[in-house]
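Colleague: Make a model of the complete structure from these sequences and hints.
All letters in the sequence shown, in the order written, are residues 155 to 387 by this note's numbering.
Keep in mind that a hint or two might mislead.
Restraint ranges, calculated between C-beta atoms of paired labels, are given here [unchecked claim]:
| # | residue 1 | residue 2 | range |
| --- | --- | --- | --- |
| 1 | Leu329 | Thr207 | 42 to 52 Å |
| 2 | Ala247 | Leu196 | 34 to 44 Å |
| 3 | Ala383 | Lys179 | 36 to 46 Å |
| 4 | Ala281 | Ser347 | 41 to 51 Å |
None of these hints come from the bench; they were simulated from the model.
Just so you know, even glycine gets a beta-carbon here, dropped at the ideal spot from N, CA and C.
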Amino acid sequence: MSFPFRAFAALCLGLSLLLAGCGSKEPAQRTAFIGFLQTRILDKPGLHVPKLTEEEKGRFGDYAAHYAVISDFNDGMSSAVSQPMNALIAKGAIRSIAEVVARRGDIEQVQQGMATLRAALDQQQAAADQARAALKQPDDLKTVYDQAYARTVTVPATTFKDVFPAVDFTLAETLKIADFLQKNAAKVKITGSNVTVEDPATLAELNKMLQSLQLRGAELSAAQRKLQAMVRG
Numbered sequence: 155m156s157f158p159f160r161a162f163a164a165l166c167l168g169l170s171l172l173l174a175g176c177g178s179k180e181p182a183q184r185t186a187f188i189g190f191l192q193t194r195i196l197d198k199p200g201l202h203v204p205k206l207t208e209e210e211k212g213r214f215g216d217y218a219a220h221y222a223v224i225s226d227f228n229d230g231m232s233s234a235v236s237q238p239m240n241a242l243i244a245k246g247a248i249r250s251i252a253e254v255v256a257r258r259g260d261i262e263q264v265q266q267g268m269a270t271l272r273a274a275l276d277q278q279q280a281a282a283d284q285a286r287a288a289l290k291q292p293d294d295l296k297t298v299y300d301q302a303y304a305r306t307v308t309v310p311a312t313t314f315k316d317v318f319p320a321v322d323f324t325l326a327e328t329l330k331i332a333d334f335l336q337k338n339a340a341k342v343k344i345t346g347s348n349v350t351v352e353d354p355a356t357l358a359e360l361n362k363m364l365q366s367l368q369l370r371g372a373e374l375s376a377a378q379r380k381l382q383a384m385v386r387g
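Modeller: Following this line, the structure appears as structure tokens:
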């Protein structure tokens, strides 16, 4: 029994088309993921880490787990660092010279809390960097992903870390003033926001510390503005 060549060729073509239709979805998933990183993160000013929809997770396939490295870091930084930091800064806000002495305990707690937050941030970034290093990505995706990772992980972590020294210096100066005022309570009279110091040497030393605190406060404000600019763009 003979089998016509044309029929055989048509059969091979049909099988090849069938196999192509059942081929890997990876190229389309990669293209969709690259487009998402570019348009939803890199093309927008500031810090943007959108939540994936179920439809997007389906379109990205296994690459949704790659995005989770970014989103998990930002979720962790928000809950373990950003929100507690805002609460600590609010707790440590001093509105008068009298509060420097009266709330010394609060200031110490804020100082200790900041050290804990710094450790938490280091831990969050180390975990993200380790997960990032384990990812296997084609070159075209890696180029875009590296940029998105820097924008959403490396830069935020670095900018947050710049805030910690400014906060630490401000708190240290505040505690120094609290100890000085307590030690020289007999020479320094505090009435509301007014401070009266009759001894010239004591006044000069106190003014020097207050000027240093003002400088540290300006450094803290600058660090906070830098952080806000990073977030807003």
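Colleague: Among the hints numbered above, which are violated by the structure, and what are their numbers in rising order?
Modeller: Violated: none.
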